[in-house]
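Chemist: Sequence:
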Amino acid sequence: MDPVVDKDCQENLPYAQHLSRYREVVVTGANGMLGSYTVEALCETSRLLGLCLPITAISRNFSSYLTKLANHYPDILRLANWHDLQSTIHNCHAPLVIHAASPASPEKHSMDPIGLIETNVNATMVIASALSKTGGHCIFLSSGEVYGTTPDLPTTEDSYSPLDHLANRGTYGEAKRAGELILKSYSESHRFGATCLRVYHTFGPGIDLSQTRIFSTVVAALIASRPIILRSSGSARRSFLYSADLFSAVLTSSQLAGFQALNVAGESEISILDFANIAAGLSGGRCSVVVEVPKSDNHQAKVFESPIMRGLADTTRLKSLGWKQSVPIELAISRTTSSCQWRSLHRE
Numbered sequence: 001m002d003p004v005v006d007k008d009c010q011e012n013l014p015y016a017q018h019l020s021r022y023r024e025v026v027v028t029g030a031n032g033m034l035g036s037y038t039v040e041a042l043c044e045t046s047r048l049l050g051l052c053l054p055i056t057a058i059s060r061n062f063s064s065y066l067t068k069l070a071n072h073y074p075d076i077l078r079l080a081n082w083h084d085l086q087s088t089i090h091n092c093h094a095p096l097v098i099h100a101a102s103p104a105s106p107e108k109h110s111m112d113p114i115g116l117i118e119t120n121v122n123a124t125m126v127i128a129s130a131l132s133k134t135g136g137h138c139i140f141l142s143s144g145e146v147y148g149t150t151p152d153l154p155t156t157e158d159s160y161s162p163l164d165h166l167a168n169r170g171t172y173g174e175a176k177r178a179g180e181l182i183l184k185s186y187s188e189s190h191r192f193g194a195t196c197l198r199v200y201h202t203f204g205p206g207i208d209l210s211q212t213r214i215f216s217t218v219v220a221a222l223i224a225s226r227p228i229i230l231r232s233s234g235s236a237r238r239s240f241l242y243s244a245d246l247f248s249a250v251l252t253s254s255q256l257a258g259f260q261a262l263n264v265a266g267e268s269e270i271s272i273l274d275f276a277n278i279a280a281g282l283s284g285g286r287c288s289v290v291v292e293v294p295k296s297d298n299h300q301a302k303v304f305e306s307p308i309m310r311g312l313a314d315t316t317r318l319k320s321l322g323w324k325q326s327v328p329i330e331l332a333i334s335r336t337t338s339s340c341q342w343r344s345l346h347r348e
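Under our numbering, think of the first position of the sequence shown as 1, with each following residue one higher.
To be clear, the hints were calculated from the coordinates, so they are not data collected in a lab.
Some clues are possibly wrong.
Keeping only pairs whose Cα atoms sit at most 25 Å apart, straight-line, the calculated DMTMM-like set for lysine to aspartate or glutamate is [as the list claims (entries may be wrong)]:
| # | residue 1 | residue 2 |
| --- | --- | --- |
| 1 | Lys184 | Glu157 |
| 2 | Lys7 | Glu330 |
| 3 | Lys184 | Asp158 |
| 4 | Lys133 | Glu188 |
| 5 | Lys324 | Asp6 |
| 6 | Lys319 | Glu269 |
| 7 | Lys319 | Glu267 |
| 8 | Lys7 | Asp208 |
| 9 | Lys133 | Asp158 |
| 10 | Lys324 | Asp158 |
| 11 | Lys68 | Glu11 |
| 12 | Lys68 | Asp164 |
| 13 | Lys133 | Glu267 |
| 14 | Lys68 | Asp208 |
| 15 | Lys324 | Asp314 |
| 16 | Lys184 | Asp164 |
| 17 | Lys184 | Glu24 |
Work the whole structure out from these sequences, hints included.
Modeler: Here it is in structure tokens:
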């Protein structure tokens, strides 16, 4: 399907050897950016390896793109409703479950706290309970926000700081913490594998260009050849990562037994302003960076603003398993932009 994802999969084949140990894979949150990418990458990787690995994509709704994927991979991919999550896992034998369901945008963190609880807590309970009977492995896409607002830097898997769970942005980190605890408790009691990947600022094919997140802002601007508008000073620093590098982390961690929590993030920490300037540099002069800081009394801007100013993760544990970041930020932005343009041209 997407030629960008196809190229990503070919480059990630060395990580895919562990997929052959599973008979079935279940992916939740298949309509989101990370879930959709994971589904397509699994399908293409299975094809490249000649595995014909059955994959069930679970979501409340299915985009036209996911439907096209199911038609393109009819012998591999099946779409299932969110309400069928438990029965889907029960009908599998020791499956690999990739739990990617969760509202991800800052707007949804504040406006849909119940959705965060349903996907990260309730659904994780369903998955853990089902795997306690079938066996298998759950890879939970957690977040670096579990560490709170001021963890030690670089942040190891044992570094934590205060997190106001009642704050507008606190629900997300707290829901992820709860999901991790559920998986740790069930996996240790019932002896199935569980890996919590604490994901940092990942983007790639399938991003929602209407969101206010910086990678959506820059890619939308590159496509439209318009200025990149920043709604903050851009001083916050992040460890950006491309979706293919997250997918290789998923493949790497699928080999693990027992419970583990692992950071997955870019190697370097750069400011949001620097990220925007990198994107502008790729435009050949078509895009400039414009900083438009909202007035201090703008309540809506404050609600969505992240209290986390730094984000530098220590990925030593994951790298000890053979993983490494392979796609630099410039190439990640370029590939994401090319993917969005391709999908726009091939939209029915």
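Chemist: Against this structure, judge whether each hint is valid.
Modeler: For each hint, the structure was consulted:
1. Lys184 <-> Glu157: Answer holds: Lys184 to Glu157 is near 14 Å, not above 25 Å.
2. Lys7 <-> Glu330: holds (16 Å)
3. Lys184 <-> Asp158: At roughly 15 Å apart (the allowed maximum being 25 Å), Asp158 and Lys184 satisfy the hint.
4. Lys133 <-> Glu188: holds (13 Å)
5. Lys324 <-> Asp6: holds (19 Å)
6. Lys319 <-> Glu269: holds (17 Å)
7. Lys319 <-> Glu267: Satisfied, since the Cα-Cα distance of roughly 11 Å is no more than 25 Å.
8. Lys7 <-> Asp208: Holds: Lys7 and Asp208 sit about 21 Å apart, inside 25 Å.
9. Lys133 <-> Asp158: violated (30 Å)
10. Lys324 <-> Asp158: holds (20 Å)
11. Lys68 <-> Glu11: holds (24 Å)
12. Lys68 <-> Asp164: violated (42 Å)
13. Lys133 <-> Glu267: Violated, at roughly 38 Å.
14. Lys68 <-> Asp208: holds (18 Å)
15. Lys324 <-> Asp314: holds (12 Å)
16. Lys184 <-> Asp164: Status holds; Cα separation ~23 Å.
17. Lys184 <-> Glu24: holds (22 Å)
Comparing the model with each earlier hint shows violations of hints 9, 12 and 13; every other hint is respected.
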